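First to last, the protein sequences are chains X and F.
Counting from 1, position 240 in the first sequence corresponds to residue 240 in my numbering; the numbering is continuous, with no gaps.
Counting from 1, position 222 in the second sequence corresponds to residue 1222 in my numbering; the numbering is continuous, with no gaps.
For the record, the hints were derived by calculation from the structure and aren't laboratory data.
Careful, some of the hints might be misleading.
Computed footprint of chain X on chain F; a stretch qualifies when at least three of its residues, placed anywhere within it, have a C-beta under 8 Å from a C-beta of chain X [unchecked claim]:
id : stretch
1  : 1035–1049
2  : 1212–1226
3  : 1296–1302
4  : 1307–1316
5  : 1393–1399
Counterexamples of contact, computed for chain F against chain X with all Cβ distances above 10 Å [what the hints assert, rightly or not]:
id : residue
6  : 1072
7  : 1190
8  : 1204
Since this is a predicted model, take the numbers as computed values, not measurements.
Built from N, CA and C at the ideal position, the CB exists for glycine as well.
Okay, here's what each chain looks like letter by letter:
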Amino acid sequence: MSHLLTWVLFTPLAGAAVLVMIPGRAHAALKLWANLIALAGFLISLPLAMRFDRDAAGFQFVERAIWIPAIGASYHVGIDGISLLLVLLTTLIGFLAVLSSWNSIRDKLKEYYVLLLVLQTAMIGVFVALDFFLFYVFWEVVLAPMYFLIGIWGGPRRLYAALKLFLYTLAGSVLMLLGLLTLYFQHQQQFGFYTFDIGALMAVQMTPAMEQWVFWALFLGFAIKVPMFPFHTWLPDAHVEAPTAGSVILAAVMLKMGTYGFIRFSLPLLPKASVNPWIAQTLAVLSIIAILYGAFVSLMQHDWKKLVAYSSVSHLGFCTLGIFSLNPNGIAGSVLQQVNHGISTGLLFLLVGLIYERRHTRQIEDFGGVASVMPRYATVFAVAMLSSAGLPLLNGFIGEFTILAGAFEANRTWAAFAVFGIVLGAAYLLWLYQRTMLGKLVHEENRHLPDLTLRETLTMAPLLALVFWIGVYPKPLFEILERPVNQIVERVKPGYFADRQAELR
Amino acid sequence: MSGYYTSADHFALLPALMLVLFGSAILLLEFLMPKGPARTRWLVGFTLLGLASAAIALLRQHQALSAPGSRIVAFSGSFTIDSFSLYFDWLFLAAAAIVTLISYRYLEIEGEHRAEYYGLILLACSGMFFLASGADLITMFLGLELMALSFYVLVGFLKRERRSNEAAIKYFLLGSFSSSLLAYGFSLLYGLSGSTNLEEIRRAIFTRGSLDAITALAMATILAGVLFKVSAAPFHMWAPDAYAGAPTAVTAYLSVASQAASFALLLRLFNGPLSPLDQEWRPLVAGVAVATLVIGNFAALTQENVKRLIAYSSVSHAGYLLLGLVAGNTTGLRGIAVYLAIYMFANLGVLMVLIAIRTRTSGMLEEDLSDLNGLGARHPLYAAAMLVFLLSLAGIPPTGGFLGKYYIFLSLLETGHAVLAVIAALYVAVSLYYYFRIVRGMYMTQGEPGPLASSIGMNVAVAISGVATLLLGLFPEPFLRFAAGALVR
């Protein structure tokens, strides 16, 4: 298969096309097909990891085809270590999200699975596109399926939440488009032809003012997606109202589109604006506010799912802090933490979804002592919670520690504040666990809650395995990330590595 | 200057002539056609035949003009066939054909299925041809009036319907007012140049140099007249009433074909005779464009009637199109051309779905937003098509609408209008809100829409528009090349 990446990209979409043909009443067939396709989508992405050459420079599995030469847009895809990890995360989470919907979705199955699969292709597309136009198309295509997933299968305030998500992100995206078009036009001015190719756009030289305008335009698009403080207000609504699979995808994958955007586009395309001390400082401060604010708000939550949602704001604050530390530790840690957040928050949302299916409430007060009736659930929850809190030997620790190392190198004050965020994180997560799982069983309704079934356990098993694997042996991931991250740092801060060498000598 | 009617004249005129011939023939020969259901087939078939013969004549012109920049000048320089006019002519023909396909079932349901309707559709179309090809004030004015008069009648075609009558009167009064403004401006142009030929007027204005009272007055009146026609703020007030009261198929025709023709007129005038004054009119048009965006979008937010909502959304699209003129570079002008074609399919599409769900039982001329409730479950294909059209109107990829927005934004950035670009971009998000009110009704609100008033013509039209809207977004290359040719001068 020479077109491996194209296969990975379009398998879900092709599956969705077939799904459209299956009659809407054949529920079993619909479920089976959707699960098969999602599994196939994951399996087909595994060879990417196996054949990935971590010592090769630049992008791998590159494919290029003519698309719209009239405006200089082409079908150009490829991955480096950073996108590899995010693609694998997407295909895995996508499969688990489909699998987790087996019982929880009961009406309009066909539309539901079609939307999930279309969403899957669009998200993979965002991570593999090497053409800005192609990237933007995928970026926007993500919105409509998510709108419908929340708006049709969501909770009581679903219409509000879905529209808010759509409008917020769209407003950011169109401004991002303007930044992108400015870059594109500058390229035409300097080189005489229009192209959206990211490699070509890197050669553009801009005045500092122009570069900063482009930077802020892109920033708005990405920051709303992440979401960074103060653009985060869509997130709690969307997460709380979304169906479980929607929350999982939203938290585990969609938020990473924003951070990925910073790493792939903002830093390498606009290095001068990125190292501008004022800009880096502002963004780091916003990240720290997100870390602390997200954590404090999480402490106050009565709704289990909302707590997890706000914890995402805090965790994503770490990711952006890592990025704007602008050193190898910060960026590598950030990517790793993005993956980790996908795993642990994915797990947490799955767990909330499972308990909601059984109990139809998410109020923390309605639980307590559940560990005694659902021991397996409590065990999985404990692992997920500790991984999210950053316990050593679990995955979260590795990411947060590396980010802190990066932040420390950049600015000690940042690191001090961020450490405080970790403490708070442990506090709200442990307290959540204590209030729901431990203690006496006070609510009679909880006495007969069934424990995890085999399917449910299997849904979470891969993520649990990753929690331990990354926690104990993260070396392969760092090796995959090393080259692309160093390239980005060298691009943003030319001479960084030479200076380090000199210092060490 | 030899002869009264040369073969070159004939060749240039033939497409428009075909439309006039067929249009008149329908009016005259109606009594020969069989009665009953067969009559529908005859009328529609005859109309499509007329459009097809115009298309063949147009195709021959197309082949004759294969060299870039070439043109045919006919009737002593008052009628020009160039790539610009050909592009617009194709749009007009496509719009007329689609409108014909979606009209007959609608008119039958309304009990107003008469031959005059098709005659007027064809005559209006020929008027648009004259607008796009006019190189002379008289020709353009005649084309404009031929189009406008046909539309006055078409808007009031449901003659037993008070709102249709009201709409026709309003449209007629404001339309004639704007026409007289234009005529006044044209007379001033003639007065200061001594010619009705656009090129000679341009030279006359150019040699006058700076702006003086007469040129200023001519520019202002012409600008106001044309802005009326394209329903730009503050001259947009007729649009919601005319759109809402007119038979929906006429609304469709009016909102895309008449709009495109008015933009052809606008471009001919402002890139032609008035181009030496561009320093003066550009800021004016910029202000108008922003006002149009603001008013169109905000007024659309609160509409409960779908046709009024679409009317205000058309106003906002006029704002985007005007921004292309403000930029005024190749990208901007190409953007207008591309935008108009994409907008045509999407807007026709939205209105044809409205026609399809309208049955007698849902009451006369009440196109409430709630009529669409539950469409997604009841008629999934129509709802999906509607979704595609709405996404295109909002400018979300992968639909064609994104490409239109792309060109407009790019042209603004290229010409240093960054603030305008930001305003225009933010209104995309605003527009999404009201377009998605329709989507929300279709997919997320319970409702029992009645059976579809569909027909073969309707299904074909929905399929064509839907596929075109998607293809223009996913594989626009052939179309973009065609559109790029449209502006080679």
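Hint check:
1. With 0 residues having a beta carbon nearer than 8 Å to a beta carbon of chain X, the stretch 1035–1049 of chain F misses the requirement of three or more and the stated coverage is violated.
2. Residue count for the stretch 1212–1226 of chain F with a Cβ under 8 Å from a Cβ of chain X: 0. That is fewer than the three needed, and the coverage hint is violated.
3. Requiring three or more residues with a Cβ within less than 8 Å of a Cβ of chain X, the coverage given for the stretch 1296–1302 of chain F is violated, as only 0 such residues are present.
4. Counting residues of the stretch 1307–1316 of chain F whose C-beta lies closer than 8 Å to any C-beta of chain X gives 0; at least three are required, and the coverage claim is violated.
5. Under a criterion of three residues with beta carbons nearer than 8 Å to beta carbons of chain X, the stated coverage of the stretch 1393–1399 of chain F is upheld, 3 such residues being counted.
6. Residue 1072/F, annotated as away from the interface, keeps every beta carbon of chain X farther than 10 Å; the closest lies near 26 Å.
7. Distance check for residue 1190/F against chain X: the nearest CB is about 40 Å away, which clears 10 Å, and the non-interface claim stands.
8. Every CB of chain X lies more than 10 Å from the CB of residue 1204/F, the least distance being 36 Å, so the non-interface label holds.
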